[in-house]
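Hey, can you work out the whole structure from these sequences and the hints?
Residue numbers for the sequence shown follow the UniProt record's numbering, beginning at 1 and rising by one.
Rather than coming from a laboratory, the hints here were simulated on the basis of the structure. Among these hints, one or two may not hold up.
To be verified - Heads up, simulated DMTMM-like pairs for lysine to aspartate or glutamate below, C-alpha to C-alpha not over 20 Å straight-line: (1) K123 / D90; (2) K22 / E67; (3) K280 / E161; (4) K209 / E232; (5) K210 / D189; (6) K228 / E161; (7) K162 / E127; (8) K162 / E67; (9) K57 / E79; (10) K170 / E232; (11) K162 / E172; (12) K210 / E161; (13) K209 / E286; (14) K228 / E172; (15) K123 / D89; (16) K12 / E38; (17) K43 / E67; (18) K57 / E14; (19) K297 / E232; (20) K53 / E38; (21) K182 / E127; (22) K305 / E219; (23) K162 / D91; (24) K280 / E67.
Unchecked claim - If you anchor each label on the Cβ, the simulated ranges turn out as follows: (25) L306 / H109: 34 to 44 Å; (26) P258 / G186: 31 to 41 Å; (27) S185 / S288: 14 to 24 Å.
For every residue, glycine included, the Cβ atom is placed at its ideal position computed from N, Cα and C.
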Amino acid sequence: MNDNISYNLVVKSEESGVRLDKYIATHISTISRTRVQELIKQKLITTNGLQTKLSYKVNTNDKINIEIPSPQPLSLDPENLNLDIIYEDDDVIVVNKPQGMVVHPSAGHPDHTLVNGLIYHTKNLAECDEIFRPGIVHRIDKDTSGLLMIAKNATARISLEKQLANKINKREYIAIVHANFKHSSGVIDAPIGRNPYQRQQMAVVASGKKAITHFTVLEQFPGYSLVKCVLETGRTHQIRVHMSYIGHPIAGDPLYGPKKTLNGNGQFLHAKTLGFYHPKTNQWLEFSISEPQIFAKQLYLLRKKLTNNLV
Numbered sequence: 001m002n003d004n005i006s007y008n009l010v011v012k013s014e015e016s017g018v019r020l021d022k023y024i025a026t027h028i029s030t031i032s033r034t035r036v037q038e039l040i041k042q043k044l045i046t047t048n049g050l051q052t053k054l055s056y057k058v059n060t061n062d063k064i065n066i067e068i069p070s071p072q073p074l075s076l077d078p079e080n081l082n083l084d085i086i087y088e089d090d091d092v093i094v095v096n097k098p099q100g101m102v103v104h105p106s107a108g109h110p111d112h113t114l115v116n117g118l119i120y121h122t123k124n125l126a127e128c129d130e131i132f133r134p135g136i137v138h139r140i141d142k143d144t145s146g147l148l149m150i151a152k153n154a155t156a157r158i159s160l161e162k163q164l165a166n167k168i169n170k171r172e173y174i175a176i177v178h179a180n181f182k183h184s185s186g187v188i189d190a191p192i193g194r195n196p197y198q199r200q201q202m203a204v205v206a207s208g209k210k211a212i213t214h215f216t217v218l219e220q221f222p223g224y225s226l227v228k229c230v231l232e233t234g235r236t237h238q239i240r241v242h243m244s245y246i247g248h249p250i251a252g253d254p255l256y257g258p259k260k261t262l263n264g265n266g267q268f269l270h271a272k273t274l275g276f277y278h279p280k281t282n283q284w285l286e287f288s289i290s291e292p293q294i295f296a297k298q299l300y301l302l303r304k305k306l307t308n309n310l311v
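In structure tokens form, the structure reads like this:
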């Protein structure tokens, strides 16, 4: 039995010349261009009955068929993922999430997530209304690396979530962004909501939720800058959206940045510092972690390029 979800599209004359992945993502708001590219590689997309290449540009009256496999039922299984645990006691865990790891299972990422690793590491995680998010009180994107705080019981969850809501915790990121700045620091106060034209993206929109990001320029290089970003709120993709909004998209960002960027496997965004009051003792805890090797390598190359330009 074929449980695939099927779509059939016919290209209009005014759409001729558009790349296939962009054309499909524009017409089917529930899938991203990245997902379209995966489906093409899996030979689940045909044009006029024939397999197509990633680079194919559609022509007038092309008949495009898309077969999307139905999502498999999710299960929450423990996996030994050798998590980098920075701190742990009876109430909280602080973990350094690597770039490329999703925080919790979803239809597109059923396993190998941080949560799979956490339930292997410990049986003590705070329950959540969403069954596949035990212990999770905040998230960072798949291709963002760095620190997350995890609640091991209900008391810890309530305390950490309240600190997030009241903005009394500390979350600092470092990022390599495109272009140079005229000012050494600034505040971006711009509401964020779903992009009405591209549903896989967030955007600055008048009807969005309040979002505030503070940034400080740490170093500047030819074509790029190193910045520190401090979150006052925690919206989806907040730093990525805000930095792109002011003309300084995160280097390597596949959603909000230019195609020509630094080499890497994702955006150069790292959750470097995390601070919060311990749920039981009320003691202030603060942790910082070095950027991953690929981030450090790019910084080295940018600094070297700057030095050579000054010689």
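Quiz item: Does the Cβ distance between P258 and G186 fall inside 31 to 41 Å?
Solution: At roughly 21 Å between Cβ atoms, G186 and P258 fall outside 31 to 41 Å, so the hint is violated.
Quiz item: Would the pair K162 and E172 pass a check requiring their Cα atoms to be no farther apart than 20 Å?
Solution: Roughly 18 Å separates the two Cα atoms, so the pair holds.
Quiz item: Does E79 lie within 20 Å of K57 when you go C-alpha to C-alpha?
Solution: 41 Å, violated
Quiz item: K305 and E219: Cα distance at most 20 Å?
Solution: 13 Å, holds
Self-check item: Range agreement (Cβ of H109 with Cβ of L306, hint 34 to 44 Å)
Solution: Hint holds: Cβ distance 38 Å, inside 34 to 44 Å.
Exercise. Take a quick look at whether K182 and E127 sit within 20 Å of each other, Cα to Cα.
Key: With Cα atoms ~47 Å apart, K182 and E127 exceed 20 Å; violated.
Quiz item: Is the hinted pair K22 and E67 satisfied, with a Cα-Cα distance of at most 20 Å?
Solution: With Cα atoms ~16 Å apart, K22 and E67 stay inside 20 Å; holds.
Quiz item: Is K280 close enough to E161, meaning Cα to Cα at most 20 Å?
Solution: Since the Cα atoms of K280 and E161 sit roughly 14 Å apart, the hinted pair holds (cutoff 20 Å).
Exercise. Verify the proposed pairing of K210 with D189, using a straight-line Cα cut of 20 Å.
Key: Given pair K210, D189 holds - Cα atoms ~8 Å apart, limit 20 Å.
Exercise. Given the hint that K57 pairs with E14, test it: the Cα-Cα distance must not exceed 20 Å.
Key: Holds, because 13 Å separates the two Cα atoms, which is no more than 20 Å.
Practice problem: Could you see if the CB distance from S185 to S288 stays within 14 to 24 Å? | Solution: 20 Å, holds
Self-check item: Distance restraint between K123 and D90, which requires alpha-carbon spacing of 20 Å or less
Solution: 11 Å, holds
Checked against the numbered hints given earlier, the structure breaks hints 6, 8, 9, 13, 16, 19, 21, 24, 26 and satisfies all the rest.
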